[in-house]
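**Q** Make one complex out of these two single chains by using the hints.
Heads up: the protein sequence lines correspond to chains A and B, in order. For the first sequence, this note's numbering assigns the number 12 to the initial residue and increments by one for each residue that follows. For the second sequence, this note's numbering assigns the number 6 to the initial residue and increments by one for each residue that follows.
Don't take every hint at face value.
Coverage of chain B stretches by chain A, computed from C-beta distances (three or more under 8 Å per stretch; other residues unrestricted) [stated by the list, open to error]:
| no. | segment |
| --- | --- |
| 1 | 123-132 |
| 2 | 259-265 |
Not the full set, but computed from the structure, chain B residues with beta-carbon under 10 Å of chain A [said to hold, decoys possible]:
| no. | residue |
| --- | --- |
| 3 | Val239 |
| 4 | Phe276 |
| 5 | Ala306 |
Label-pair ranges, simulated between beta-carbon atoms [unchecked claim]:
| no. | chain 1 | residue 1 | chain 2 | residue 2 | range |
| --- | --- | --- | --- | --- | --- |
| 6 | B | Gly161 | A | Ala48 | 23 to 31 Å |
| 7 | A | Val260 | B | Gln278 | 35 to 43 Å |
| 8 | B | Trp219 | A | Arg76 | 53 to 61 Å |
| 9 | B | Pro260 | A | Leu119 | 55 to 63 Å |
| 10 | A | Val196 | B | Leu162 | 17 to 25 Å |
| 11 | B | Gly119 | A | Arg59 | 29 to 37 Å |
| 12 | A | Pro197 | B | Leu296 | 35 to 43 Å |
| 13 | A | Asp52 | B | Leu71 | 50 to 58 Å |
| 14 | A | Ile24 | B | Gly215 | 21 to 29 Å |
I should point out that these hints are in silico values taken from the structure, not numbers from a laboratory. Heads up, the beta-carbon is just placed ideally off N, CA and C, and yes, glycines get one too.
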Amino acid sequence: MTPRAMQRIALSILIAATALSLVPTIYMVDISLRTAAHSFDPVLIAARPTLANYVVVLHSGHLGRFFANSVAIAGGSVALTLFAAVTLSFAIARLKIRFGRAILLLVLSALLLPLASLLIPITVLLKNLGLTNSYFGLIGPNAALGIPFATVIVNEAMAAIPDELEEAATLDGASSLTVLWRIVVPLIRPALIVVAIWEFLFAWNEFFLALVIMTRNAMKTLPLAPLYYQGPYMTDPGKLFAILTLIAVVPMILYACLQRWFVGGLMAGGVKG
Amino acid sequence: MAAGASRRPGLPRPGARRRGAILGAGRWEAALYVLPAAALFAVFIAEPIAANLVSSLIGPHHRWGLGNYAMAAADPVFGTAVRNSLLWVVVSLAFEIAIGFALAILIELHLPRGRAVFRTLLFLPMVVTPSVIALVFNTFYASDYGLLYGLFRALGLASAFPALLGAPATASLAIIAVNVWQWSGFFVLMYCVGLSAIDREHLDAAEIDGARGWNRVRHILWPLCRGTTTSLVVLGTIQALQQFPLIYLMTEGGPADSSQTLATYIFQTGFVQDQMHYASAVAVMLFLLALALVAVEYRLAGGGLSLAAKRARP
Chain A
12 MTPRAMQRIA LSILIAATAL SLVPTIYMVD ISLRTAAHSF DPVLIAARPT
62 LANYVVVLHS GHLGRFFANS VAIAGGSVAL TLFAAVTLSF AIARLKIRFG
112 RAILLLVLSA LLLPLASLLI PITVLLKNLG LTNSYFGLIG PNAALGIPFA
162 TVIVNEAMAA IPDELEEAAT LDGASSLTVL WRIVVPLIRP ALIVVAIWEF
212 LFAWNEFFLA LVIMTRNAMK TLPLAPLYYQ GPYMTDPGKL FAILTLIAVV
262 PMILYACLQR WFVGGLMAGG VKG
Chain B
6 MAAGASRRPG LPRPGARRRG AILGAGRWEA ALYVLPAAAL FAVFIAEPIA
56 ANLVSSLIGP HHRWGLGNYA MAAADPVFGT AVRNSLLWVV VSLAFEIAIG
106 FALAILIELH LPRGRAVFRT LLFLPMVVTP SVIALVFNTF YASDYGLLYG
156 LFRALGLASA FPALLGAPAT ASLAIIAVNV WQWSGFFVLM YCVGLSAIDR
206 EHLDAAEIDG ARGWNRVRHI LWPLCRGTTT SLVVLGTIQA LQQFPLIYLM
256 TEGGPADSSQ TLATYIFQTG FVQDQMHYAS AVAVMLFLLA LALVAVEYRL
306 AGGGLSLAAK RARP
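Just chain B, with the same shape it has in the complex (with noise of 0.2 Å):
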C-alpha cells in the first residue's frame, strides 16, 4: 500500500516511523501487538508439533530413530486408515461440492425471494455438535428399530443392507454419508457468497452471448467460483482428515478396525492402547498426509484461494 505517495506535499511528517507505515508506532510498540497471538501460537501450536515429532522419534524400547514409522508401514491396521481418510476425502468433497454448487445456483440465481431461508435451513446442521449427531443416526441407522430401516423394509430392501454399520462394506461410507448431511450446508453457504460476488452484467452478457443452462453452469459460473472452490476443497479435506466423534461414537472405527482413519488411530493407540510414541508417529503422518493432499489440490486449481467474497473477474 502506497501510504507515503497518497500524502499531500506541506503535511507535517508524523515522528519517526518505518517507510509505509501510517502510524508512529515504535518498533517495540508493534512487538507488543504480536504478542497475544505469537504466545497462544507458540504455546499451543508449535510446541506441541515440535514435542509431537520428537515423541514420534522414541521407538520401540526406547531406541531412537524411525522404529514407530517403520512398525506403521508393517501395521496393516495403519494401511486401513490412511485408505479410509482418503475415502473420506474423496467422498466427502465430491457430494459437498456438487450438492453445495448445485443448490447455491438455484438459491442465488433462480429464487426470487427467501434466499436467507433456504440459506438457513440447509446451514443448521452445521451448528449442531456432532456427538449429538452421532447418536440420532446411530439410531436413525440402527437395524430393527431405526427410520432408515423402517424405510429399506418398506421398500422390501432390508435384507440386503441387515446392518449398515455393522458391515465392514458400508461403515464408513455411512459415516460419511452424515458428514456430507452436516456440511453440505456450509458449501451451499460459500458458493452463494461466491456466487453474489458476480457481476451481474457479465452473466447477462454471457447470457445474450447464447450461455445459457448446462453451458452457463459449465464455461460461466463455476470458472467464476473457482476461489471459492479452492478454500472449500482446503478446508473440507481438512475437516474430512479430522472428523473424529462421529466415527468415535458410531462404530469406535470398527467392525474389526474397518472404519478406522489416521484421527481414530491416533486416539485409538494413544489413549486406549496407550502407545503414545506410536501414536505420535501416526499423528506426524496425518499432517504430511493433510499437507501433501493441499499441495496437490494447490497445484490442481493453479493457486488463488478467497475465503471472504471477492469480485470475481472473468
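Next up, chain A with everything else stripped away, as it sits in the complex (with noise of 0.2 Å):
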C-alpha cells in the first residue's frame, strides 16, 4: 500500500471515529434547542431549533453561585496544589534531602488510592474539622489527592535543570527561595502548565466528595448542579440540557484554547536539560 492511501484511509477511519466520539456532545447540545413539543423524539438533530431554554435557565436562580463555588474551588485546588508539589520537588530534587526517593515513593503510592476508599474517612474528618460546606473542605483534599501526580512531573522536570544555572546563583549570594522563584519555576513553566490543567480539570468535575461534603444548596460545585435541577425539569429535558450544554462547554472551550500547552508540555517531558 502507497503511504499516500494509508494517509487517505487513517483519514477516513480517524473522521468516523471523531464524529462517532462527538455524537453525544451534538445530541445533548441539540436537546437544549429543543422545544418542549420535540424533546423526547429519538433522533440526533431535531427540527426548529430554539434559544428559548437557555433565557429561561440563565435567569433562573442558582447556576451563577455554582459556577462562581466552581471557580473558586478549582482555582483554589490548582494553586494549592502547584504550591506544595513545587515545594516539595524542589527540596527533593534540588536540595538533595536526607531520604527524598523514599518520600518521592511514598508520595507516588498515594497514586495508586481510589478515591472512594478515602471518602468515609474524610468525610468524618471534615466534619470534625468543622469543614463541610467549605471552599477549604474540597481544596484541602483536591490539592492532597492532587500532589503525587502533580510531584511526578515537576519532579522530573526539576530534576533536568543543569546544576550550573543555580550555582552561579547561589555563588551571587542568592538564597534558596530566590533560586526556586527565579531560576527554577520559570525554567519548568511547561511543566507547571501541564500540572494545572490536569488538576483543574480534576477539581472542577469532582463529584464524589463535593456530593457528601456540599450539603448546602449556596456551596454547591457545577457537578452537582445536574442533580438539582433533575427532579424540577424531569418534564422538560430541553431546559436541564441547556444546563448540562452549559456545564459542559466551559471546559471544553478551556481545553481546546489551552490544549497546545497541555500536549506541547507532554511531549517536552518537562525541560529541556
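**A** This is the structure in C-alpha cells:
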C-alpha cells in the first residue's frame, strides 16, 4: 500500500471515530435547542431549533452561584497543589534532602489510592474539623490527592535542570527561595502548565466528595447542578439539557484554547536539560 | 547526580552543605519546603487511611475484630461488587488501550497535518463533568425516546434490547461503554505523546528491514510504547475502580444491585444504609484490590513507568 493511500484510509478512520465520539455531545446540544414538544424525539437532530431554553435557564437562580463556587474551588485546588508540589520537588530534586527518594516513593504510592476508599474517613474528618460546606473542605482533599501526579511531573522537570544555573546564583549570594522563584520556576513552566490544567480538570469535575461535603445549596459546585435541576425539569428536558450544555461547554472551550500548552508540555517531558 | 564532580577546581565551596546538594540550604530550611505537602498528606491521606482501618475493625455490636470482613465474605452483594469492579477494569482497559493505541498510530504516523485537531476533538469528552455525561447517556439509552433506542428500532433490534440500563445482564456494560467513551481520548493523547518520542530514524531503519504494516505495529511500535502502556494500565485501573458518578446517576447500582461496584457499594452501605464501619471494611478491601491489581500489572509489564514522554530505546 502506498503511503498516500494509507494516509487517506487513516484520515477516513479518524474522521469516523471522531464523529462517533462527538455524537453524545451533539445530541446534548441539540436537545437543549428543542421545544418541549420535540424534546422526546429519538433522533440526533430535531427540527426547528430554539434558544428559548437558554433564556429561561440563565434567568433562573442558582447556576451563577454554582459556577462561582466551582471557580473558587478549582482555582484554590490548582494553586495549593502547585505550591505544595513545587516546594516538595524543590526539596527533593534540588536541595537533595535526606530520604528524598523514599519520600518520593511514598507520595507516588498515593497514586494507587482510589478516592472511593477514602471517602468515608475524609467525610468524618471534615465534619470533625467543621469544614463541611466550606471551600477548604474540598480544596484540601483535592490538593492532597493532586500532589502525587503533580510531584511526578514537577520533580522530573526540576531534576533535568543543569546544576550550573543555580550554582552561579548561589555564588552570587541568592537564597534558596530566590533560586526557586527566579531560576527554577521559570525553567519548568511547561511542566507547571500541564499540572495546572490536569488539576483544574480534576477539581472542576470532582463529584463524589462534593456530593457528601457540600450539602447546602449555596455551596454546591457545578457537577452537583445536574442533580439539583433533574427533578424540576423532569418533564422538560430541553431546559435541563441547556444547563448540561452550559456546564460542559466551559471546560471544552478552555481546553481547546489551552491544549497546545498541555500537549506541548507532555511531549517535552518537562524541560530540555 | 554528580554535582560535586562537575565543579571546576579552584571555585570556592559555598557554605556548609550536604554532599551532593547544590544549594547551601540548611536542614531546617529544607524541611520547610517539605512541610506544605507533608501537612496536606498527613491530614487528608494518612489520617483518613488510618482512621478507616481502625473503623473497619469495629464489628457488629461494637465488638473489635474482623467481624465486618467476615460479614463481607458472606454478603452476596459484596461479591457482585467485586466481580463488577474487576469487569470495569478489564473491559475499560481493553477497549481504551486498543482504541487509544490504534488511533494514536493513525494520528502520529499517517497524518501529514491536522494532528492537533483530532487529538483535541477526541480528548473533549475527558473534560466534561461525569454527572453531565451520566444524564446525557440516561437519555441516550432511554427506551421509548432515546437516540440509541431510535437506532435500534430502525434496525429492528428494539425488542432484543428493551432497556440496556434496566436489565442486569447489560447494565454494567452499558455504563462501562460510557466510561470508555469518556477516557479513550486520554489514551489516544498519551499514546501520541509516547509515539512522538520514538526516533524517526529507528522507524525508518526498521522499515528498510521489512517491518511494515501489522509487523511494525506488533514488533516495533507496541514494544516501544511499553512504558506508556504500563502507566496507562495503572492509571486506568485506579480510574475504573473509583468510578462513582456514572454508576450512581445511571443505575444507582441496580437493578437489584446488579451493577454495584465497590465504589458505589461503599457509598450505599456507608451513607444510604448508615453502616459506616462495614463501609470502611469495604473501602479497605477496595484499596487492597487496587494494590493487588497494580502489583500484578507491574509484574506483567516487567516494571518501568513513564508518565511523560521519554526517549524510547529499542
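**Q** Are the hints correct? Go through all of them and say.
**A** Checked hints:
1. 123-132: As far as the segment 123-132 of chain B goes, the hint holds, because 10 residues have Cβ atoms under 8 Å from chain A.
2. 259-265: Violated, because only 0 residues of the segment 259-265 of chain B bring their Cβ atoms closer than 8 Å to Cβ atoms of chain A.
3. Val239: Holds. Min distance 7 Å.
4. Phe276: Given a least distance of 7 Å, the restraint on Phe276/B holds.
5. Ala306: Violated - the Cβ of Ala306/B stays beyond 10 Å from chain A, reaching only about 15 Å at its closest.
6. Gly161/B / Ala48/A: 23 to 31 Å: holds (27 Å)
7. Val260/A / Gln278/B: 35 to 43 Å: Holds - the Cβ-Cβ distance for Val260/A and Gln278/B, about 38 Å, lies within 35 to 43 Å.
8. Trp219/B / Arg76/A: 53 to 61 Å: holds (55 Å)
9. Pro260/B / Leu119/A: 55 to 63 Å: Violated: the Cβ-Cβ distance is about 40 Å, outside 55 to 63 Å.
10. Val196/A / Leu162/B: 17 to 25 Å: violated (57 Å)
11. Gly119/B / Arg59/A: 29 to 37 Å: For Gly119/B and Arg59/A the Cβ distance comes to about 34 Å; the hint holds.
12. Pro197/A / Leu296/B: 35 to 43 Å: holds (38 Å)
13. Asp52/A / Leu71/B: 50 to 58 Å: holds (55 Å)
14. Ile24/A / Gly215/B: 21 to 29 Å: Cβ of Ile24/A to Cβ of Gly215/B: about 25 Å, so the range 21 to 29 Å holds.
When each numbered hint is compared with the structure, violations occur for hints 2, 5, 9, 10.
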